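Could you build the full structure based on these sequences and the hints that come with them?
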Amino acid sequence: MWKVYKANHYIQGVLISKHKTEAAARKKAKEEIKFSYTVKEESKKEILIWLEDKERMPVGIIVKNTGT
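For the sequence shown, our numbering assigns the number 1 to the initial residue and increments by one for each residue that follows.
Just so you know, these hints were derived from the structure itself, not from any lab. Remember, predicted model here, so these are calculated numbers, not experimental data. A hint or two may mislead.
[Unchecked claim] Straight-line distance between alpha carbons at most 25 Å, and here's what the computed SDA-like set of lysine to any residue pairs gives:
#1 Lys34 x Ile16
#2 Lys34 x His19
#3 Lys3 x Gly13
#4 Lys18 x Trp50
#5 Lys6 x Ser43
See below:
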């Protein structure tokens with residue numbers, strides 16, 4: 001399950017939505033969050049897609065837990 005979070009006081013702040021596919025999560029993030037860059041990080045436990053503004057500051061994150 002892909003989860004889209006919008007930053008407030010914390011980077012992983014407000015849960016905006018949950019999706020079955022990465023494409024759907026990215027589409028929702030594009031509608032709800034103003035960002036210019038994405039950075040994808042993969043590990044055994046999770047996949048993170050950082051959403052960054054023009055100054056490369058995190059404004060949101062897309063998360064998928066993959067492991068135990």
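Evaluated hints:
This hinted pair checks out: lysine 34 and isoleucine 16 have alpha carbons roughly 13 Å apart, not beyond 25 Å. At most 25 Å may separate the alpha-carbon atoms for a hinted pair to count; lysine 34 and histidine 19 meet this at roughly 19 Å. For the proposed pair lysine 3 and glycine 13, the alpha carbon gap of about 11 Å is at most 25 Å, so the pair holds. Taken as a hint, the lysine 18 and tryptophan 50 pair is honoured in the structure, with Cα atoms around 16 Å apart against an allowance of 25 Å.
The hinted pair formed by lysine 6 and serine 43 meets the criterion: a straight-line CA distance of about 22 Å does not exceed 25 Å.
Going through the hint list in order, the structure satisfies each hint without exception.
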